[in-house]
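*Asks:* Chains as they are written, first to last, in the working numbering: chain U, 16 to 216; chain V, 16 to 216.
Incorrect hints may appear among the rest.
Pairs count within a copy or across copies, as identical chains cannot be separated in the list.
[As the list claims (entries may be wrong)] List time: in silico DSS-like cross-link candidates among lysine-lysine, alpha-carbon distance up to 30 Å:
hint	residue 1	residue 2
1	Lys145	Lys205
2	Lys64	Lys39
3	Lys50	Lys38
4	Lys178	Lys139
5	Lys205	Lys38
6	Lys139	Lys38
7	Lys145	Lys54
8	Lys54	Lys39
9	Lys139	Lys71
10	Lys39	Lys71
11	Lys50	Lys145
12	Lys71	Lys50
If you are wondering where the hints come from, they were derived from the structure by calculation, not from laboratory data.
Protein chains: 2
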Amino acid sequence: MNFSSQLIEEAVQAFASLPGIGKKSALRMVLHLLKQEEKEVSLFTERIKEMRLKIKFCQTCFNVSDSEQCAICLQQSRRGTSICIVESIRELIAIESTQQYNGLYHVLGGLISPLDGIGPDDLKINQLLKRIEHEEANELIFALSPTLEGDTTTYYISKKLPKPIKITTLSRGVAFGGELEYADEMTLAKSLQNRISIEDL
Amino acid sequence: MNFSSQLIEEAVQAFASLPGIGKKSALRMVLHLLKQEEKEVSLFTERIKEMRLKIKFCQTCFNVSDSEQCAICLQQSRRGTSICIVESIRELIAIESTQQYNGLYHVLGGLISPLDGIGPDDLKINQLLKRIEHEEANELIFALSPTLEGDTTTYYISKKLPKPIKITTLSRGVAFGGELEYADEMTLAKSLQNRISIEDL
């Protein structure tokens with residue numbers, strides 16, 4: 016694409032560097048901002064810049080935070096008896112959106128993946144083990160992706176626990192609204208094996 | 016979605032205000048920028064802000080420009096004998112991308128649309144008529160959308176011309192690679208009426 020303007024081209028390139036955004040979508044965004052007031056565009060960029068410069072990570076659970084402790088850890092009404100272990104804040108937000116969980120979290124910052132050169136020391140695993148030692152939690156909920164890396168991480172942590180503690184993981188099975196014929200064999204086999212009473216549906 | 020961080024929430028809202036971006040995509044972008052260096056994020060926002068603050072509109076054709084005259088108008092090798100009339104710079108970029116046109120442009124900034132309260136005076140039509148009067152152009156190419164608004168605008172301008180000049184418009188017909196059975200009746204009828212010799216394909 017030929018933009019006939021260096022300024023437009025650089026702005027398009029900036030947007031196109033974002034995940035899932037191609038040059039056409041990027042151009043659409045740039046033309047949209049071009050129609051906005053200068054003040055509004057300044058506000059737009061300021062919010063993004065501020066977010067990156069001012070964001071902190073919770074010293075306890077490594078969730079994103081506006082202060083040293085995140086809003087979830089600070090919330091008095093949340094039960095500290097369970098810690099839900101997630102890969103990143105994306106999964107934390109997904110679980111929070113269900114409004115079904117009232118415990119604490121621990122954001123690992125990735126999964127153990129030897130192929131990608133990510134070992135246990137690259138993740139917040141030691142910090143998690145210390146939390147288990149010093150906090151009152153009596154249940155660890157592993158909410159990691161059902162992949163080789165997720166299972167490896169779950170296995171590694173479960174072998175390192177400093178004290179006996181109840182361990183659970185998200186149930187696996189066919190998704191709500193999914194077509195049974197398109198479910199993969201592994202999932203179908205497992206959900207047949209771990210079938211549940213229809214009263215628990 | 017509950018982001019547990021005001022900073023994240025505001026950045027997500029900023030991205031979600033862009034066309035075609037929902038909250039999930041916006042969050043993905045924010046988390047992507049969160050992983051980048053502060054310097055890179057500053058560069059990202061700076062490029063967008065600069066674009067909005069520094070962009071100019073060409074005094075001749077109203078294309079976006081880094082200076083008073085746009086890169087296309089300044090290009091000596093372009094033939095000034097034809098002016099291609101487009102609705103916005105989006106269409107200009109699309110035509111430039113074909114690399115088939117070597118003339119000049121005129122960006123109207125919209126189409127006549129009484130329903131939306133857009134009349135001839137809201138567009139750069141008078142400036143176009145002045146150009147026709149004073150420039151050497153001998154062909155006007157209407158590259159407007161094949162809609163009621165596009166046709167109205169074409170008709171209006173063609174009736175206002177200050178001197179006789181050749182007028183053409185983009186050919187209409189079935190699109191390359193399109194399925195004939197899905198072409199609308201109007202398009203099919205017109206492309207049958209205006210059928211061309213296979214040597215011109």
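*Asks:* Each of the hints needs a verdict: does it hold here or not?
*Replies:* Results for each hint:
1. Lys145 - Lys205: neither (33 Å within a copy, 75 Å between copies)
2. Lys64 - Lys39: Both: 24 Å inside a chain and 19 Å across chains, each within 30 Å.
3. Lys50 - Lys38: Result: close both inside a copy and across copies, 19 Å intra and 22 Å inter.
4. Lys178 - Lys139: Within one copy only: 18 Å inside, 75 Å across.
5. Lys205 - Lys38: neither (42 Å within a copy, 33 Å between copies)
6. Lys139 - Lys38: The answer is between: 28 Å across copies meets 30 Å, while 36 Å in one copy does not.
7. Lys145 - Lys54: Neither. Shortest intra-copy (47 Å) and inter-copy (33 Å) distances fail the 30 Å Cα cut-off.
8. Lys54 - Lys39: So lysine 54 and lysine 39 pass the 30 Å test inside a copy (25 Å) and across (26 Å) alike.
9. Lys139 - Lys71: For lysine 139 and lysine 71, only the intra-copy Cα distance (15 Å) is at most 30 Å; the inter-copy one is 49 Å.
10. Lys39 - Lys71: between (34 Å within a copy, 21 Å between copies)
11. Lys50 - Lys145: Only across copies: lysine 50 and lysine 145 sit 26 Å apart there, 52 Å inside one copy, limit 30 Å.
12. Lys71 - Lys50: The answer is between: 12 Å across copies meets 30 Å, while 33 Å in one copy does not.
In this structure, the earlier hints numbered 1, 5 and 7 are contradicted, and the remaining ones agree with it.
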